[in-house]
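Engineer: Each chain, written out:
Protein chains: 2
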Amino acid sequence: MSNNVLSLDSVPLHTQLRDVLRARILDGEYPQGSQMPSESELGALFRVSRITVRQALGDLQKEGLIFKIHGKGTFVAKPKTFQNVSTLQGLAESMTGRGFEVINRLHSLRFVAADKRVAERLGLAEGDTVAQVKRVRLINREPVSLEITYLPKALGERLEKADLVTRDIFLILENDCGLTLGHADLAIDAVLADTELTQALEVEPGSPIMRIERLTHDASGQPLDFEYLYYRGDAFQYRLRIDRQKGTQA
Amino acid sequence: MSNNVLSLDSVPLHTQLRDVLRARILDGEYPQGSQMPSESELGALFRVSRITVRQALGDLQKEGLIFKIHGKGTFVAKPKTFQNVSTLQGLAESMTGRGFEVINRLHSLRFVAADKRVAERLGLAEGDTVAQVKRVRLINREPVSLEITYLPKALGERLEKADLVTRDIFLILENDCGLTLGHADLAIDAVLADTELTQALEVEPGSPIMRIERLTHDASGQPLDFEYLYYRGDAFQYRLRIDRQKGTQA
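Residue numbers (full-length UniProt numbering), protein chains in the order written: chain A, 1 to 250; chain B, 1 to 250.
Next comes chain A alone, as it looks inside the complex (with noise of 0.2 Å):
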């Protein structure tokens, strides 16, 4: 182990540095919470300079290991709360289970008219009303996704009756509306914050944003609900598990 020494060989400097610090931050030697030596600190520790410093911190910070607040210094991130996708769920169903507190701000639920995407994925003509919710959810107080979901007219109508706040809409669709839920198609991909979702996650413009597009069909495969879900990329993380055979066998 070569301690605080950096060698001279090819790799940049501050690749090296940001390599260090990121195994010690993994090994728990700066733990999750605590906060980083400073700069000037860390710069003195390895003999670089303040700019050399600056970019691994950078980079770490661009990778989510740590984040600054201003005026305070610089912080080792918290573990990302991770829902668990291989099979369709909702994120209280699958969040409760595990301990974890899942309550919504409903910013608005209206009747707009389908524009060309959202009709075609619901199988609808461009135009016809559909219901569209937009909810933040909270995971343990903290804002962790903005959900925006269109669905028919009719389904729109049962769920204004509904209590939105601390609700899935699936276990709604199923137990309210009676309907058996099939399969979901996600695409998923990563954009930046924009002006909303920099307002309803509480982050920076620019953040690094998760975003799903979730159809979903009942068991029939008539799609019902069709969703753009934004997740911090700070904060949350999807897992799965993938076989390698294809179809029933290898």
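Some hints could be false.
Pairs count within a copy or across copies, as identical chains cannot be separated in the list.
Calculated lysine-lysine pairs in the DSSO-like style (CA-CA distance at most 30 Å, straight line) [claimed, not checked]:
| # | residue 1 | residue 2 |
| --- | --- | --- |
| 1 | 68 | 116 |
| 2 | 161 | 72 |
| 3 | 116 | 80 |
| 4 | 72 | 153 |
| 5 | 78 | 116 |
| 6 | 68 | 80 |
| 7 | 134 | 72 |
| 8 | 78 | 134 |
| 9 | 134 | 80 |
| 10 | 153 | 78 |
| 11 | 80 | 161 |
| 12 | 78 | 161 |
| 13 | 68 | 161 |
| 14 | 134 | 153 |
| 15 | 116 | 134 |
| 16 | 68 | 153 |
Note that these hints are calculated values from the structure, not bench results.
Given chain A, put chain B in place with the hints provided.
Structural biologist: Structure of chain B alone, referenced to chain A:
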């Protein structure tokens, strides 16, 4: 349809403009790859200030729907490439069947001491020698992902003799090493591009990146291959289908 007239309701003008422009992009009125009207043209068209136009375009850029080329203007983004991850496949295996060309830039194959996380995942002791492979994967000549792969030393020695420029590591493990792959555990989140990713993926610093941690096991459940996969958020999606029923049957 409200044409170019924004309403005076409580929704901010830049949000209304963003939503109108987004609908036009999704409808194909502004086709993929085409140049958007300039900021001043949009301002005149919708009778809003340059600041309002900039905020609306900024939001669409963060969503990945448009991109700017310095000195040339604003363009509608091309559709994202996607990989179906309902079953475990290598990138080339998954994409070439659909008519895409996959080529890899081999950045390095080195033997390094396993850090705590790599050692834990692969069931080794911290400090044991492992192979580390860094590759940038190009789809149709465009860089799409950086993959950092860790394997036990003996497998790494087999990889040294293999064609890492055109082949998936999964297929090398199966066909050259005679292993049978079983399942993989994935964790998915979003981060921002750091120095290494900015260079490897040819994106701006702070661009959105979809990050995957993937631990692949052989058919007996032994961990074989631990990877960090970093995908360009503006260019790539994961797609998968999830079923509602838990376990074998609902």
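Engineer: Reference check for the pair residue 78 and residue 134, CA-CA at most 30 Å: within, between, both, or neither?
Structural biologist: both (27 Å within a copy, 28 Å between copies)
Engineer: Tell me, please, which holds for residue 68 and residue 116 at an alpha-carbon limit of 30 Å: within, between, both or neither?
Structural biologist: between (41 Å within a copy, 25 Å between copies)
Engineer: Checking residue 78 and residue 116: alpha-carbon separation at most 30 Å within a copy, between copies, both or neither?
Structural biologist: Answer is between; shortest inter-copy Cα gap is 18 Å, intra-copy 40 Å.
Engineer: Which holds for residue 116 with residue 134 at a C-alpha limit of 30 Å: within a copy, between copies, both or neither?
Structural biologist: Close inside one copy (19 Å), not across copies (41 Å); limit 30 Å.
Engineer: Taking 30 Å as the upper bound on the Cα-Cα distance, should residue 80 and residue 161 be classified as within, between, both, or neither?
Structural biologist: neither (34 Å within a copy, 38 Å between copies)
Engineer: Could you place residue 161 and residue 72 in one of the four classes (within, between, both, neither) given a Cα distance threshold of 30 Å?
Structural biologist: Cα proximity of residue 161 and residue 72: none, with 46 Å in one copy and 51 Å across.
Engineer: Taking 30 Å as the upper bound on the Cα-Cα distance, should residue 78 and residue 161 be classified as within, between, both, or neither?
Structural biologist: Classified as neither: same-chain Cα gap 37 Å, cross-chain 41 Å, threshold 30 Å.
Engineer: Between residue 116 and residue 80, at a C-alpha cutoff of 30 Å, which is it: within one copy, between copies, both, or neither?
Structural biologist: Classified as between: cross-chain Cα gap 18 Å, same-chain 35 Å, threshold 30 Å.
Engineer: Could you place residue 72 and residue 153 in one of the four classes (within, between, both, neither) given a Cα distance threshold of 30 Å?
Structural biologist: Neither. Shortest intra-copy (49 Å) and inter-copy (43 Å) distances fail the 30 Å Cα cut-off.
Engineer: Can you tell me if residue 68 and residue 161 fall within 30 Å by alpha carbon in one copy, between copies, both or neither?
Structural biologist: Neither, since 42 Å and 45 Å both go past 30 Å.
Engineer: Evaluate residue 68 and residue 153 at a C-alpha cut-off of 30 Å and name the case that applies: within, between, both or neither.
Structural biologist: neither (45 Å within a copy, 38 Å between copies)
Engineer: Should residue 134 paired with residue 153 be assigned to within, between, both, or neither, using CA atoms and 30 Å as the limit?
Structural biologist: This pair counts as within: shortest intra-copy Cα distance 15 Å, inter-copy 50 Å.
Of the numbered hints stated above, those contradicted by the structure are hints 2, 4, 7, 10, 11, 12, 13 and 16, listed in ascending order.
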